[in-house]
Amino acid sequence: MSHADASHNFRTVSIGIMSSRILSIRLDGGYSFNGVHFNGEEKLEAEGKFVRFAGETCDAVIFVPDSDDSRFTLHGVTIGKKFHWERKEDEQFAGILKIINVDNQLQAINITNVEDYLLSVISSEMSCNAPLEYLKTQAVVSRSWLIRLQNQRLKDNSAKSTEARDEVEGIPRIIKYYENDAHTYFDVCADDHCQRYEGITKVNNSKAVRAIEETKGEVLSYDGEICDARFSKCCGGVTERFSACWEDHDENYLGPISDSDNSDSIPDLTTENGAELWIMSAPAAFCNVRKKEVLCSVLNDYDVETQNFYRWKVEYEKEELSSLFRSKSTIDVGEISDLLPLKRGASGRIIELLVVGDKGKVIIGKELEIRRLLSSSHLLSSAFIVKKVQNKFTLYGAGWGHGVGLCQIGAAAMAVRGIGYKQILAHYFKDSQITNIYE
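All residue numbers for the sequence shown refer to this note's numbering, where the first residue is 207 and numbers rise by one.
A hint or two may mislead.
Claimed, not checked - Okay, derived cross-link-like pairs now, DSSO-like style, lysine-lysine, Cα gap no bigger than 27 angstroms in a straight line:
#1 K567 <-> K594
#2 K549 <-> K636
#3 K567 <-> K549
Stated by the list, open to error - Listed next, with one range per pair, are the computed distances between beta-carbon atoms:
#4 E499 <-> G540: 46 to 52 angstroms
#5 R359 <-> N245: 54 to 60 angstroms
#6 Q639 <-> A490: 27 to 33 angstroms
#7 G261 <-> G626: 52 to 58 angstroms
#8 V500 <-> T368: 28 to 34 angstroms
No lab work stands behind these hints: they were computed from the structure.
Each residue gets a CB set at the ideal place from its N, CA and C atoms; glycine is no exception.
Could you put the whole structure together from the sequences, leaning on the hints where they help?
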């Protein structure tokens with residue numbers, strides 16, 4: 207299916223919000239289930255293969271709003287799952303609430319209009335107080351990513367997470383990347399695995415509404431197809447190729463570019479010398495934002511807590527690093543003596559890393575797996591160099607996230623400078639076009 211005939215098939219989206227054996231919800235403004243009206247606090251429990259609610263067991267509970275003003279609140283929603291900003295919040299949503307039982311866990315699913323979903327996404331990924339042109343940029347990128355995903359699932363060819371195991375000169379090699387195929391019962395999840403979605407909790411001004419209205423139906427396209435419009439928080443100065451993070455192919459519209467006025471001026475960061483010079487300096491870039499007032503205006507409060515993301519440092523004692531790796535890896539290499547980058551991407555992100563221990567060696571990749579195995583949550587990125595002094599490892603790094611496609615901090619900084627959303631999109635997605643697929 208080309209972008210031209212995607213049109214009205216994708217005006218709703220189902221979002222997996224949370225999973226728990228017991229769900230506590232508040233229904234405000236009136237909801238109906240099987241013809242019965244509910245308003246106020248309700249409790250649902252997993253029982254066998256069923257949902258227990260109001261004294262009965264059901265295959266599924268679907269609360270339909272009585273009016274446009276109806277709202278439901280889910281208590282204890284986990285945001286930033288497995289990342290360093292993980293926490294629980296009570297979040298409020300509009301639209302339909304569907305509860306199903308999956309392996310004795312209740313799955314809460316919100317079904318809503320695509321444009322309403324995007325209104326929440328652009329207010330959750332970054333602050334809804336960010337410049338209008340940034341919010342419009344994020345709206346087009348997020349809409350493109352979502353509708354392309356829905357297109358692919360209709361054709362049953364959506365991208366799949368993959369783990370490949372082999373050996374290189376007798377050394378085990380485990381290359382793993384994570385895609386969005388884990389979701390069987392809904393289109394997307396509400397967390398960073400897909401796109402941040404916090405219902406109407408963060409939507410509190412008219413600027414975000416205007417951004418959605420003024421870009422309604424707009425997507426990025428390339429060669430007749432909707433773009434796989436990826437984004438991350440901060441590229442670190444150069445964006446990354448698709449193949450560094452996911453499947454071994456590249457898209458012409460996905461980098462690498464220099465996150466600066468001269469986007470074609472890209473240093474060679476695939477070598478260790480080039481990567482070290484780059485990471486140990488702080489070259490000018492759109493995403494090299496140092497003014498706290500600018501960051502506070504574009505980031506949500508829990509993102510502001512992350513300091514020094516353009517350039518960062520993490521220190522581990524050898525014993526601590528070895529214990530951490532042992533707890534998260536399927537191969538025990540013993541006490542780690544070295545971390546040796548074998549392959550770097552265009553942004554300096556490590557794609558394959560050799561971990562050397564007193565019990566053996568293992569090659570790991572791609573970038574997210576490296577970040578996961580070397581941190582109790584996740585390293586900010588895999589663009590790092592390693593310095594060893596006696597029993598201490600120091601990782602000096604650049605950027606926050608995978609670095610592919612839109613650099614959110616860089617795009618926000620461009621918008622602060624007065625650059626329009628179409629120009630921002632052209633900067634990060636070379637040779638792409640903006641196409642309107644529905645009114």
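message: Of the numbered hints stated earlier in the document, which are not met by this structure?
response: 5 and 8
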